[in-house]
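Participant: For the record, the sequence lines run as chains F and Z.
All residue numbers for the first sequence refer to the UniProt record's numbering, where the first residue is 1 and numbers rise by one.
All residue numbers for the second sequence refer to the UniProt record's numbering, where the first residue is 1 and numbers rise by one.
Heads up, some of the hints might be wrong.
Identical chains blur together in the list; that is why a pair holds if it fits in one copy or across any two.
[Claimed, not checked] Restricting the straight-line Cα-Cα distance to at most 25 Å, the calculated cross-link-like pairs of lysine-lysine (PhoX-like) are:
{"no.": "1", "residue 1": "K75", "residue 2": "K53"}
{"no.": "2", "residue 1": "K36", "residue 2": "K109"}
{"no.": "3", "residue 1": "K134", "residue 2": "K75"}
{"no.": "4", "residue 1": "K140", "residue 2": "K53"}
These aren't lab readings, by the way, just hints derived from the structure by calculation.
Owing to the predicted nature of the structure, the values given are computational and were not obtained by experimental measurement.
2 protein chains.
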Amino acid sequence: MASKVSQFMQLGRKIVAVGRNYKAHAHELGNALPSKPMLFLKPTSSYIAEGEKIRIPEGCTSLHHEVELGIVIGKPGSRISEQDAASHIGGYILALDMTARDFQEEAKKKGHPWSLAKGFDTSCPVSGFIDKDKISDPSKVRLWLKVNDSLKQDGNTGDMIFSIPHLISYISRYFRLEEGDVILTGTPEGVGPVGSGDVIEAGLSDVVTMKFQVEQS
Amino acid sequence: MASKVSQFMQLGRKIVAVGRNYKAHAHELGNALPSKPMLFLKPTSSYIAEGEKIRIPEGCTSLHHEVELGIVIGKPGSRISEQDAASHIGGYILALDMTARDFQEEAKKKGHPWSLAKGFDTSCPVSGFIDKDKISDPSKVRLWLKVNDSLKQDGNTGDMIFSIPHLISYISRYFRLEEGDVILTGTPEGVGPVGSGDVIEAGLSDVVTMKFQVEQS
Ligand SMILES: [Mg+2]
Ligand SMILES: [Mg+2]
Ligand SMILES: [Mg+2]
Chain F
1 MASKVSQFMQ LGRKIVAVGR NYKAHAHELG NALPSKPMLF LKPTSSYIAE GEKIRIPEGC
61 TSLHHEVELG IVIGKPGSRI SEQDAASHIG GYILALDMTA RDFQEEAKKK GHPWSLAKGF
121 DTSCPVSGFI DKDKISDPSK VRLWLKVNDS LKQDGNTGDM IFSIPHLISY ISRYFRLEEG
181 DVILTGTPEG VGPVGSGDVI EAGLSDVVTM KFQVEQS
Chain Z
1 MASKVSQFMQ LGRKIVAVGR NYKAHAHELG NALPSKPMLF LKPTSSYIAE GEKIRIPEGC
61 TSLHHEVELG IVIGKPGSRI SEQDAASHIG GYILALDMTA RDFQEEAKKK GHPWSLAKGF
121 DTSCPVSGFI DKDKISDPSK VRLWLKVNDS LKQDGNTGDM IFSIPHLISY ISRYFRLEEG
181 DVILTGTPEG VGPVGSGDVI EAGLSDVVTM KFQVEQS
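Pulled out of the complex, with its shape left as it was, chain F reads as follows:
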């Protein structure tokens, strides 16, 4: 029987994303390693499912792919302990944290918010809901991404700087987590640009694959 939380796209009200949670990815963009999780928000209006297209936002000349493991919150909570974190996980998704890298670089330089760079419509392509019992250990799953059949990202959640229990605990000290909310746990190295007509394919271990086409908006 499908649980309510499997309808996270309709049910959830926020997406909390973590930046620079893989060492090699922080380095490839010339960033320092974070001393605490770096959090940003994407709105739920940015979700798309397979069959819908990723649209390059107006004015963006450098749209990047980032493949990520998403945690779907199954039980609400604030100030969740690391010990209790697993009990708040309702399931998983595979997600792309599509990023207007030029908007983000400008924001970083000026000290402006990242919201436009990270939250534009279609910036959060997702797989279907993955039952919790399909992934026995979320700290050891392979994440990969191809652009037009060429492998660009191939990482493992074992390389996260901050673990999933730590992320859930840290985030919930500031943001109350609600049923259907999603946490995007960061991307491994290999991010890069995509353009109109490109096809992105991504996969999570042997559990799920998904495909999205990019087009000009």
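Starting from the structure of chain F, add chain Z with the ligands where the hints point.
Facilitator: Below, chain Z with the ligands without anything else, positioned relative to chain F:
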């Protein structure tokens, strides 16, 4: 009869906020005037209503008040024209964009996202829903805020840099607006710190007033 949109706190899925939309406020924090609206997100989990308390987030030593006019979206849309913008307004709220100024200053300096500084739990105290016909011209309303009976902010929406129709149009080019979503339109000058035990009172013209107490979390 109460409309569905009056339940924006439960119905809405995002809060899009505008930074530096009043000239004197941009200057008081030493910021340049924006050439386009500066957007950031607050999660709906940050809403509180009268009777609930504003809680200083863990580690914050400079919590600031910002009083703002909020637009509640009544009709969904993307790429809304300025001419059509008014028809997408479902009503209004008076809101506080509570800001962990120390977190924000650190984020600005490092080029990090603003989400924690702006989106922590209780960072969006709001009035009840205000029917659209209660405010005949949203571009000419007084906004004021007192801390412990001392007047700190006293502005008028007539001093906005980017008008409400322009904001709705610009935002909807990037973020699809949905029923119950809220736009916070920026704060006039006079922002400043509050501490545990302080009482904030705010008002919108002769339409509504509201009161919130601050406490350590
Ligand atoms: Mg941000
Ligand atoms: Mg990412
Ligand atoms: Mg503000």
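Participant: Work down the list of hints and note, for each, if the structure agrees.
Facilitator: Verification of the supplied hints:
{"no.": "1", "hint": "K75 to K53", "in the structure": "between (31 Å within a copy, 24 Å between copies)"}
{"no.": "2", "hint": "K36 to K109", "in the structure": "both (21 Å within a copy, 16 Å between copies)"}
{"no.": "3", "hint": "K134 to K75", "in the structure": "within (18 Å within a copy, 39 Å between copies)"}
{"no.": "4", "hint": "K140 to K53", "in the structure": "neither (30 Å within a copy, 41 Å between copies)"}
Violated hint for the displayed structure: number 4, the only one.
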